[in-house]
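Enquirer: Residues per chain are reported as follows:
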Amino acid sequence: MLGRSGGLRLKSILPVLTVIGAILMIWVVAVVPMNMHLTADQAQRDGFAVTPDTPMARQDYSGLGLSLRNPSLVGLTYVQERPRLPSPHQVAVEMWKTIVMQRVTSKRSLVYHGWVTLSATLLGFAMGTTLGITLAVGIVYSRAMDMSVMPWAIASQTIPILALAPMIIVMLGAIGIHGLLPKSIISAYLSFFPVVVGMVKGLRSPDGMQLDLLRTYYASAAQGFWKLRLPASVPYLFASLKIGISASLVGAIVAELPTGARAGFGARMLVGDQYGQPLVTWAALFAAAITAAGLVGLFSLLERLTLRRMGMAGT
Amino acid sequence: MIDANDISLIFHTNDGPVHALKDVNLEISKGDFVSFIGPSGCGKTTFLRCIAGLEQPTAGELRVNGMTPDEARMARAYGYVFQAAGLYPWRTIGGNVKLPLEIMGFSKAEQAARVARVLELVDLTGFEKKFPWQLSGGMQQRASIARALAFDADILLMDEPFGALDEIVRDHLNEQLLQLWARTEKTIAFVTHSIPEAVYLSTKIVVMSPRPGRITDVIDSPLPKERPLDIRDSPEFIAIAHRVRDGLRAGHDDV
Numbered sequence: 001m002l003g004r005s006g007g008l009r010l011k012s013i014l015p016v017l018t019v020i021g022a023i024l025m026i027w028v029v030a031v032v033p034m035n036m037h038l039t040a041d042q043a044q045r046d047g048f049a050v051t052p053d054t055p056m057a058r059q060d061y062s063g064l065g066l067s068l069r070n071p072s073l074v075g076l077t078y079v080q081e082r083p084r085l086p087s088p089h090q091v092a093v094e095m096w097k098t099i100v101m102q103r104v105t106s107k108r109s110l111v112y113h114g115w116v117t118l119s120a121t122l123l124g125f126a127m128g129t130t131l132g133i134t135l136a137v138g139i140v141y142s143r144a145m146d147m148s149v150m151p152w153a154i155a156s157q158t159i160p161i162l163a164l165a166p167m168i169i170v171m172l173g174a175i176g177i178h179g180l181l182p183k184s185i186i187s188a189y190l191s192f193f194p195v196v197v198g199m200v201k202g203l204r205s206p207d208g209m210q211l212d213l214l215r216t217y218y219a220s221a222a223q224g225f226w227k228l229r230l231p232a233s234v235p236y237l238f239a240s241l242k243i244g245i246s247a248s249l250v251g252a253i254v255a256e257l258p259t260g261a262r263a264g265f266g267a268r269m270l271v272g273d274q275y276g277q278p279l280v281t282w283a284a285l286f287a288a289a290i291t292a293a294g295l296v297g298l299f300s301l302l303e304r305l306t307l308r309r310m311g312m313a314g315t
Numbered sequence: 001m002i003d004a005n006d007i008s009l010i011f012h013t014n015d016g017p018v019h020a021l022k023d024v025n026l027e028i029s030k031g032d033f034v035s036f037i038g039p040s041g042c043g044k045t046t047f048l049r050c051i052a053g054l055e056q057p058t059a060g061e062l063r064v065n066g067m068t069p070d071e072a073r074m075a076r077a078y079g080y081v082f083q084a085a086g087l088y089p090w091r092t093i094g095g096n097v098k099l100p101l102e103i104m105g106f107s108k109a110e111q112a113a114r115v116a117r118v119l120e121l122v123d124l125t126g127f128e129k130k131f132p133w134q135l136s137g138g139m140q141q142r143a144s145i146a147r148a149l150a151f152d153a154d155i156l157l158m159d160e161p162f163g164a165l166d167e168i169v170r171d172h173l174n175e176q177l178l179q180l181w182a183r184t185e186k187t188i189a190f191v192t193h194s195i196p197e198a199v200y201l202s203t204k205i206v207v208m209s210p211r212p213g214r215i216t217d218v219i220d221s222p223l224p225k226e227r228p229l230d231i232r233d234s235p236e237f238i239a240i241a242h243r244v245r246d247g248l249r250a251g252h253d254d255v
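Heads up: the sequence lines are chains A and B, in that order. Letter by letter, the first sequence follows residues 1 to 315 of the working numbering. Letter by letter, the second sequence follows residues 1 to 255 of the working numbering.
No lab work stands behind these hints, which were simulated from the structure alone. The structure presented is a predicted model; accordingly, all values stated were derived computationally and were not measured. Heads up, the beta-carbon is just placed ideally off N, CA and C, and yes, glycines get one too. One should not assume that every hint holds.
Unchecked claim - Within a straight-line C-alpha distance of at most 27 Å, the following computed DSSO-like cross-link-like pairs (lysine-lysine) qualify:
| # | chain 1 | residue 1 | chain 2 | residue 2 |
| --- | --- | --- | --- | --- |
| 1 | B | K30 | B | K225 |
| 2 | B | K129 | A | K227 |
| 3 | B | K225 | B | K204 |
| 4 | A | K242 | A | K227 |
| 5 | B | K22 | B | K225 |
| 6 | B | K130 | B | K108 |
| 7 | B | K130 | A | K227 |
| 8 | B | K129 | B | K108 |
| 9 | A | K227 | B | K108 |
Stated by the list, open to error - Taking beta-carbon pairs under 10 Å as the criterion, some of the chain B residues facing chain A (in silico):
| # | residue |
| --- | --- |
| 10 | A52 |
| 11 | A75 |
| 12 | P89 |
| 13 | R91 |
| 14 | L99 |
| 15 | M104 |
| 16 | K108 |
| 17 | A109 |
| 18 | W133 |
| 19 | L157 |
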């Protein structure tokens, strides 16, 4: 039994590792041409021979062309202080320094910034999920809401969040609301939608026969909701939650970008950009991606446990 | 028990009105096993749904236990078995059988006692804690019959309950259903499109034909109540089957 599940795990991990390996390869190869121009400039200042020998002349070459003419500089492209594209090991070292080597309360710790973003994400996700489920129940039970709410919900998602986020933050700031809540509202704005769509589908998933069965029992509408529609919607809910939680994280980060937030993944990305420290940006980017993967993984696990408990796993 | 007088039902569709039932007259007495047989579109399922109060006739009078079908439904006068078992996948077999009992507000102790009793009736004792996907199709349909029996209504309405099962399982379930009927003395209305099934099970066979849906023949079966499976080779059985087939053919010729 143990051996079998171990074998299964290896089988499911192998494709993932293959893809990661392929991405790393492309990345490592891409570092050379991406950084070659600035590496050549730096090398020339340090007294190395570079062909062609003026920055102007070098502009006529592509990154690849320049790399082919200066093979001796390839090694240096991987260790630039402010690379256009950092190498994987530079990002890894930066993450090690800011995640493991800092106290988690330090302003330089990515764990600290991660928690700032994560707390807004979780609050926004809770608000968005609650709103989404409430709207879905309304849509399923009220024809008027079905006709009126759904078009607005869809329209809300067509507005670029990047345009909307600063407005929400500025307006809430004007009435004295700062900090966690404005970011959470943007998270909620992005995460309620998949929950509405999934829950409407889930609550409507029982077929005519199952609804007729309840009519033959003369069951009340409330009994129909608690005993049939709600349990039937659980698999749909989890599919939505997994989309919703990653949308929430994106929302929280986007909310930190345009507003000069001093903490959070978004703030770190901005700081790295503005002060010419690409490693900071990249480390924050990866930390955010890992956080998102962790959150989605957590909900996948919850899904498996819940469905197994409900007897719907069918293994 | 069930009394239909000049029942008509017209569905209004995009292609114009469809006469699903026309002037249906029928009387079902307590303890009868009545089968409805006919080609698709003859209104047999529609008539069953009218008895259940799931469809409203557009004309005529229908009484179930002396009440209107809707009143009978509110009084929980019948159990309904659908074509598919329709068990909730998130409930165990016991939990599924308990569903109507929870809705109707039986006490916990009463629920447990009734679940045990009806599972025994359909020969599923010991499967109470299993989930539906762990059971075969035939067993699932038996569980759905137990669910319909759990609240002890006098009438059992069955809409092609064994239609999706293979012949061997179906024979077995037919035999079990007859035993169940003998033990519980329910009144059963049973929709089918299998002639042997109708003849084997019924005390009364209602032959129907389509366009408009109507009754073309009502046959009172002379077969004894005790029916082993090999009764199907007896001359009486074959004679009734013949008459049913003639009735079905006559209905077709009219069109």
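Enquirer: Hey, K129 (chain B) versus K227 (chain A), does the alpha-carbon distance stay inside 27 Å?
Expert: holds, 18 Å
Enquirer: Closer than 10 Å between Cβ atoms is the bar; does K108 (chain B) clear it against chain A? Give me holds or violated.
Expert: Violated, about 16 Å.
Enquirer: Is K30 (chain B) within 27 Å of K225 (chain B), Cα to Cα?
Expert: holds, 15 Å
Enquirer: Would the hint linking K130 (chain B) and K108 (chain B) be met if the CA-CA limit is 27 Å?
Expert: holds, 20 Å
Enquirer: Verify the interface restraint on W133 (chain B): the C-beta must sit less than 10 Å from at least one C-beta of chain A.
Expert: holds, 5 Å
Enquirer: Close enough to count: is the Cβ of M104 (chain B) nearer than 10 Å to one in chain A?
Expert: OK, holds: M104 (chain B) within 10 Å of chain A, min 7 Å.
Enquirer: When the nearest CB of chain A is found for A75 (chain B), is that gap smaller than 10 Å?
Expert: holds, 8 Å
Enquirer: Hey, K225 (chain B) versus K204 (chain B), does the alpha-carbon distance stay inside 27 Å?
Expert: This hinted pair holds, its Cα atoms lying about 12 Å apart.
Enquirer: Are the Cα atoms of K227 (chain A) and K108 (chain B) separated by 27 Å or less?
Expert: holds, 17 Å
Enquirer: Would you mind confirming whether the straight-line C-alpha gap from K130 (chain B) to K227 (chain A) stays at or under 27 Å?
Expert: holds, 19 Å
Enquirer: Given the hinted pair K129 (chain B) and K108 (chain B), is their alpha-carbon gap at most 27 Å?
Expert: The given pair, whose Cα atoms are some 16 Å apart, holds under the 27 Å limit.
Enquirer: Would you check the hint for K242 (chain A) and K227 (chain A), treating anything up to 27 Å between C-alpha atoms as holding?
Expert: holds, 24 Å
Checked against the numbered hints above, the structure breaks hints 5, 16 and 17 and satisfies the rest.
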